[in-house]
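Once you've looked at the hints, go ahead and assemble the two chains, each given alone in its own frame, into the complex.
What follows is each chain in one-letter form.
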Amino acid sequence: MIVGQIPFSEFFSLLSNQGLRVKMGPFNVQIRTASSTLAEHLYSLYGDYELVERDLAEFHVQISPVRLIKKPFSPHARFFLDGRSLSPPFPAEQALAALEWGINLAIAARINHLLLFHSAIVERNGYAVILPAWPGSGKTTLCTALVHRGYRLFSDEFGLMDPGREIFLPIPRLMPLKNESIRAIRNYLPEATLGPEIRNTHKGTIAYVRPPTESIARSDETAKAKWIIFPKWMSDAPLRLETLPDSEAFLLLASNSFNYEVLGDTSFQAVTRLIRSCRCYKLIYSDFDAALTAIDALTDDI
Amino acid sequence: MTYKPPAHHSLLLNALINPASLVEYNATKWELLLRSARKVKLLGRLAIELKNRGLLDHIPLRAANLLQSSLIQVKRLQQITHWELNRISWALKDTGAPVVALKGVAYSLAGVPESDGRIYVDLDIMVPKDRLSDVESTLTKKGWVHHHKLSAYDEHYYRAWSHEIPPLVHSERETEVDIHHTLSPPTSRLEINTGLLLSAAVAVGNSGYRILCPVDMVLHCAVNLFQNNELADDLRDLLDIHDLLLFFSKNEKDFWKKLIERANQLSLGRSLFYGLYFSRFIFQTPIPENLENDLNEKPNPLSRRIMHYLVPQALFPLHPDKHSRHALVARSLLYLRSHWIRMPIHLLVPHLAYKTYLSIFPAKQ
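Protein chains in written order, with the working numbering: chain A, 1 to 302; chain B, 303 to 667.
Isolated chain B (complex conformation) (with noise of 0.2 angstroms):
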């Protein structure tokens, strides 16, 4: 079964699975393939497939020059975001805390090719829980701040509820710090063991820095989509399960059956039944056939069904000119339902009241 989309979704998901055919797109098709990838922030994406291949020549010119643009802006803030992660180290460093780095700057150390071309803004990293405070402390000593002036209510929700704590930027820098503890917040329905994690994690060659082991990596990226995110416009974070995938799957030895089982062993089976079942079905990835069997929790078939219908019209862009109905209604199903599994009902009612509130009457600055 695969994925058979609206015209813009399709013009978007054969300019990723077959860059090569972009050449062909005229005007029109680009001015929508454009829109709608800046959208789900692939612009990056399209431009190092393209340059890759020595085709932004092949393009209209407007185009390339849009996708060179991003190229610039996506480099930029990979390499101010490598700095801040040689900065953080270096804060860090006679703190002890193991320090272990995430998402986008953790995708380009393990070298996985696609992050070439992945803008990331933020800083993810992980430290162990009770090593949290001791962190912030010292960063705040070493001239990082808060960074948002936040309300009693959005600290609360953070150090309560949350699985990172308030972000901190350099005082004289710009790139945001998430700090994290665990993968998911605390009041969702997963506990996470992270002391697996930490010890799982691996250095990168002598660079000091540590990223999670590959399989560890699939995951995480399998519960931030399916668990913590709330889908919209989450096409490359799919993308990434996708290219984690097809990177592990070819440099890892039995990479499919060590993911089953730390999948189990972690008790994450649902989110990453999810992002094997779209990956495969959105972009075709080459996973074995019924490898989700052996997965200890899966989702119900109903939830399945369900899920099949919606995810797709969150992940991919609405059309620029019309908003599909349908897609509008699955997007807020699927923000009910990113709530409804991070948080129990007695603290999702008074929240999703309060931030209803607040979008109505905004607090002053």
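Chain A on its own, in the form it takes in the complex (with noise of 0.2 angstroms):
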């Protein structure tokens, strides 16, 4: 059963008592709140997550309301996880975000059985394409046309890699588009479902897009991967892809790990793996329309 399959009153309900239990990807998340705004909010935009019957959770998440002595009448929330605080109180309006990004750090935190590369991975004919983070990537706005133009979305933000197997495993979660974004994508993508733009966050002002239907549905089936593509937006500048030499690809995916150095041995060889059996670009652009014609024919050559 999805959550899109339950009333309001009976979701709401969940979240203000024994916790909404719905599974992400490999792994299922208990969240609790009695915010109704956030709930409203998360009740449009988890409609396609499964709800956990009876599995176990990993992970349980909670926004509480707090007091602050210094500004007792503007209300302010926290997050925690397993009753931990692991940030400081923020406005009650970006309890969105700070769940969104609790989550993300819990799993940075925790998850070591699996490569966590910084990046999002989308999947087109059956192989995964890794969209490295780095700075000025524009990551989660390509992957958001992406999986609106037929890939299958995996993250945007976590390369969930299996360093025994060399597969990835998808997680879709809500994808964050920040400040400009927000408005490039509404106009790229009419038909895309956004959640209310959350403004004054650390990062300026988020809007959250809902993932793909299919791309949950199908976030059991995992892939292996065949392309890694370092993408760079660029105000104005023509389309440019590059191959990339492996030993640049290596050293900058690896420093983009969340978990590279814990897992040691185990990830120096996963990825020397990975960078063998895929190819690398470096992707210059400006337009999505460019963009995705150049992905698209890389995509179709396997």
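These are computed hints drawn from the structure, not numbers from a lab.
A few of these clues could be false.
Straight-line C-alpha distance at most 30 angstroms; calculated DSS-like pairs for lysine-lysine [said to hold, decoys possible]:
no., chain 1, residue 1, chain 2, residue 2
1, A, Lys-23, B, Lys-353
2, A, Lys-23, B, Lys-624
3, A, Lys-71, A, Lys-23
4, B, Lys-552, A, Lys-224
5, B, Lys-377, A, Lys-203
6, A, Lys-224, B, Lys-657
7, B, Lys-306, B, Lys-341
8, B, Lys-600, B, Lys-306
9, A, Lys-70, B, Lys-451
10, A, Lys-23, B, Lys-600
11, B, Lys-600, A, Lys-70
12, B, Lys-600, A, Lys-71
13, B, Lys-431, B, Lys-451
14, B, Lys-377, A, Lys-71
15, B, Lys-451, A, Lys-71
16, A, Lys-23, B, Lys-341
17, B, Lys-377, B, Lys-657
Note that the structure is predicted; figures quoted are calculated from it, not measured.
Structure (structure tokens):
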């Protein structure tokens, strides 16, 4: 059963009592909050997530109101992971962003049986495309465009790799667009479902895109990677697609992982094999259509 | 007498005492167990117990993945902590100051098998007090810096009232180094003859490292838990005592007799009493009956009764979803106790008042 199949009243009752338990890719997450505003946002954005019926949950998170002595009249809230607060209080209207970031943080802090790349991953023609984060990459924006044009979303943030089997695991989550990207995507993809605009976060204004239904429904289907594309958005730049030397791709990818050092030898071996089995490129773009055409052409060649 | 715990305590306790029985746990039990074990830093321990028995494939996959994850992290932390000890020994070689490794790293150097799954985040070492300033200045010349920017108050707290100096960390690495000059705060009622500990310290093979001798290692563990700590979520430290007692009693001749004699010599009977008492009470450690009778210093019967009820409530984690009021009260009382026995009242009251003030109006970082 998925979230959208239960009425809002039941959804909110779960959130505010024993906890809403949803499956996010390989992990089950239990979420609790008594905030009806947050519940409404989640109800519209989490509609496709499967409800966890019997299995255990790995992460237990909660958003709870706090009263600050210094700002007694402005509602604030805190994020808790297993009852422990991990970040300073935030204005209550930022609860959705705090929840999404908090879950990311929990995954990054606790998961080491998988290698965690800081990267967007999409799939086409049965193989994964790795779009690593690097400064100015605009990976989330490009990823949003791709998954509304026939690519299957694995993640816009976490490349989850099983280092032993060299496969990537989907973890489709809400995709946070920042600042100018919000308008860019609204213009380019009027069909995308966006949540409310959350202002004044430490990353500016954020709006979350709901992942495509099919991506969540197929989130148990893993894939091997075939392409690594380091994207860079540059205003008005003509499209440039260049191959990247393996050594450079290795360093960029390894230094952009959340737990490369923790896994030690395992991650060195895994990244070496990954780079050898992938074609690596650098993509400079300013226009979505041109970028999509280029990536389509690459991923048609299997 | 054995501990009759609430349900979430017994899930954890049973897992620690009888890891093979974990293959019977269903998803609901696993979920509560994993949350509880994480709270008291024992996920790595459960992971290694199951791994050594080849049982990681016989439990729910999600549980196995979380245990694997924590074991990988534990191994990494062990590796970098051992490396930090290597670097510290190198840096201090020319000073000639005797350096003794303590706690987690020391258990592993001593060959305690359970230390394989033990998480340790910091490197703890001890040097003689009269070499402290030499050691500190040598390390700061060779790249170590003070880990946190300390307020004048905290700096004073460490220098005047603590058994450690403010922690150091090498500017290129991340492991915090805690440098002790004795085992317990100088403000406490204990006066520990550190010279005796240092001169009995033993070399570890040809590694060049030194650790406390077995009985002193147990005493340090007991003092740390029952004299220095606040006991909340410290089940791991009691388990350390249990592991050390099992290991040394098997491998050291006359271990129990030496342990009691040493506690009497160093006047650490009270802490050892509690260590033995609770290790036996909770983990059913096979300690000779009435062993504690030979201790010169023992808590009085009233203290024992109170501690008997309070300590397990604090050591075991709170239920992650519903905090029991009893446990919260027990933890507050033990928090006060820990300060009471560490500091005389004329220092304690202003200190707690200042900490309360800071919790309401945090200092600007």
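Structure-based check of each hint:
no.: 1; hint: Lys-23/A - Lys-353/B; result: holds (27 angstroms)
no.: 2; hint: Lys-23/A - Lys-624/B; result: holds (24 angstroms)
no.: 3; hint: Lys-71/A - Lys-23/A; result: violated (36 angstroms)
no.: 4; hint: Lys-552/B - Lys-224/A; result: violated (51 angstroms)
no.: 5; hint: Lys-377/B - Lys-203/A; result: violated (35 angstroms)
no.: 6; hint: Lys-224/A - Lys-657/B; result: violated (54 angstroms)
no.: 7; hint: Lys-306/B - Lys-341/B; result: holds (20 angstroms)
no.: 8; hint: Lys-600/B - Lys-306/B; result: holds (24 angstroms)
no.: 9; hint: Lys-70/A - Lys-451/B; result: holds (25 angstroms)
no.: 10; hint: Lys-23/A - Lys-600/B; result: violated (54 angstroms)
no.: 11; hint: Lys-600/B - Lys-70/A; result: violated (48 angstroms)
no.: 12; hint: Lys-600/B - Lys-71/A; result: violated (51 angstroms)
no.: 13; hint: Lys-431/B - Lys-451/B; result: holds (23 angstroms)
no.: 14; hint: Lys-377/B - Lys-71/A; result: violated (44 angstroms)
no.: 15; hint: Lys-451/B - Lys-71/A; result: holds (27 angstroms)
no.: 16; hint: Lys-23/A - Lys-341/B; result: holds (23 angstroms)
no.: 17; hint: Lys-377/B - Lys-657/B; result: violated (35 angstroms)
Taken one by one, the earlier hints fail for this structure at numbers 3, 4, 5, 6, 10, 11, 12, 14, 17, listed in ascending order.
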